[in-house]
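Colleague: Model the placement of chain D on the given structure of chain R, informed by the hints.
As they're listed, the protein sequences go chains R and D.
Under our numbering, the residue at position 107 of the first sequence is numbered 107, and the numbers go up by one with no gaps.
Here our numbering = 1-based position in the second sequence + 566.
There may be inaccurate statements among the hints.
[Claimed, not checked] To spell it out: a stretch of chain R is covered by chain D in this simulated footprint if at least three of its residues, at any positions, have a beta carbon under 8 Å from a beta carbon of chain D; those stretches are:
1. 54–67
2. 168–180
3. 256–264
In case anyone wonders, no lab produced these hints; they're calculated from the structure.
In this text the structure is predicted, and so the values were computed from the model without any measurement.
Just so you know, even glycine gets a beta-carbon here, dropped at the ideal spot from N, CA and C.
Take a look at the letters that make up each chain.
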Amino acid sequence: MKNKIIENATIIYHTCKNIKNMYEYNTDDTQFLVERVDQFEKQLKRYLDGGLDEAKFKSLRLRNGLYMELHAHMLRVAIPYGVMNSSQLRALANIADKYDRGFGHFTTRQNIQFNWIELAEIANLLRELSSVDLHAIQTSGKAIRNITADPLSGLTEGEIADARPYCELIRRWFNLHPEFSWLPGKFKIAVNGAKLDETALRIHDLGLRLLRNDKGELGFSVYVGGGLGAVAVIGSETASFVPVEDILSYLESVMRVYNLKGRRDNIKRLRIKFLVKELGVAEFSRLVYEDWKYTKNDPELKLNLSHLAQLEKDFALPVKPLEISRFEEPVDFNYSIWKKNNVRKHKLSGYSIVNVSLTKLGSSPGDVTSKQMRILADLAVQYSSSYLRTTKRQSIVFPHVRKDQVFDLWQSLEEYGLASPHQGTLAQIVACPGNDYCDLAKAASIPIATRVQQRFDDMDKVLDIGNLNINISGCENSCAHHHIADIGLLGMKKNNVEFYQVTVAGETLTETIIGKKLGRSISGDEIVDAIENIVNVYLENRSEEEQFKEVFKRIGLTPFKERVYG
Amino acid sequence: MAKDIEITSVVNSNNESVQLVTVEEWLENIDSLSSKGVGVVVNPTDDVELLKDSLDKIAIIVLDFNNFDDGRGYTHANLLSKRWKYLGEIIGVNAHIDQLQFMLRSGVTSYNLLDNYKNIDEIDYSNGFSVCYQAAANNSGLKEKF
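The following block holds chain R by itself, in its conformation from the complex (with noise of 0.2 Å):
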């Protein structure tokens, strides 16, 4: 039965291989993920075997995804600036079945994690994953992670560029990269080429901003040391113009004097964060700068221009703009709700962006059972071309949605349980797994989102609230990003007593701002009716349309403070 499956999956790959909307991987490309996977199976022989010692068979397995818990291991798949096709999509629901318990969790880093693996199995795991081009390379341990984009690149109207195709050039360069591959902690780097900022690069060990210089040239702006956790920092400008075809030599100073000069000897200070607040930002750049005079006219370094247009077309949209003559929707308030919501402008006439919220109540955010996979994959082929994105607010994306079949979508959506109208509403909460599932998290995070989503169970008044974040984090290594959230969860625990430090008005989408600390912390009993208030306080002083950070900067926190602790 299992195996037939996977046959199907074969075939359809085949067929969807004949479009084009992303980067299809060449036998190079192949046969360095199927040489990875013959590597990581030897090591991990030579570990069961006795050959490899627990401390080196944990960095080398990291560096495969592989997390080993107390009671199953975990895997974590990159799907590269959040871009897959429907096959792609298929297979990891194949996967799920086939060696977890039927179910994925997409993560706010454009990963999916399975969290059911057994030793023996994983390098068979790991071949049907390359037989379909994905990897868990780099998903984890003290390397350059999996690369994340803006979702919507290449899709909206007023894109600097479409970020994907340096993406897939970075994403290259970083794997298994000689010189760079043991660093002192973990490096993430996203790209942003839109207006509005939906990758948080800021928070990033460096983040790379498109833009266009005064000469119409397209370049890179670099921020480096941002980063989330227990201290939260926002990345420092130390380029303010790269041009595209030098990158890859800036990106390797930054690494080189982060490699050389990285702290290694105080666990708690192993990010890039540290390394430029201990410095200066002024004096890293100086000597990035000072690196990069060496390479970068290095012709090895230097991006071929050819290659990148060659790229930019195997990123092209797959669809031409379409004159669609006046089509009628029913009138169905459920569907015109969740349109607000979840469907967004496309650049091109005829053609919508649709969300899609995995967000449930009671469950885990972004965890998705493999029916859904593959009633996604099989939706995304007959309503967007056979590809799909996924996002930092873990929900997924129709890129190419013909305006006319919007509503059929949403028909298909909503009988499969998957057309949550609350995209961006605070019924979509962001929340790490919490200590009901991990063995770092210091308080819960799902439960507390469930009564959030209970206590604000009329959808009128959620859609009144508009858009609205809660993120909650279990622990200070901040999953769920609550530092960026309008209302932001940190959980702890005091006398063994859960308590969640609030945060609010952070936010990344035009500037970056890390989120004010409301005051003491409060107790799991009392934190529903505190997020309760603060909402309330929002309503009470909002005018139309005001956004809650808008409000925030117009009122303070003095208001939210009283109101909560008053």
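Modeller: Showing chain D alone in chain R's frame:
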């Protein structure tokens, strides 16, 4: 953490034993040591740039890779071989077999593995990949990829 293994000599590719000194010792006595034809041991914590101006006098450079997770040796190898064009041997010592692919691609020219890797096919690990995405010291890589 790396154990403090003091390395005092190394055998070069001509099977000659070469006496080794630390970076600090070298910098203090460059003239007298260079006439003796000694080599220099560079540990991950050393500032390799201090050797830049006297590289042509150093008989051999030894990089210690005993600390598995410390990647500074790879940058040291790259700077020595590619940027500063050091022409002598760069020997990686106390090496673990899983480090070979990174060592050789960064500019290490020969190596001594730690004892526990005696029964493993080294070729398999040093040339484990037929394709790679970066130009590297021991191959041209897939230059066309960029």
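Colleague: Indicate, hint by hint, whether the structure satisfies it.
Modeller: Each hint tested on the structure:
Restraint check on the region 54–67 of chain R versus chain D: 4 residues with Cβ-Cβ distances below 8 Å, three needed, restraint holds. Beta-carbon proximity to chain D at under 8 Å applies to 9 residues in the region 168–180 of chain R; the threshold of 3 is reached and the given coverage holds. Using a Cβ-Cβ cut-off of 8 Å, 4 residues of the region 256–264 of chain R lie near chain D, which meets the minimum of three, so the contact claim holds.
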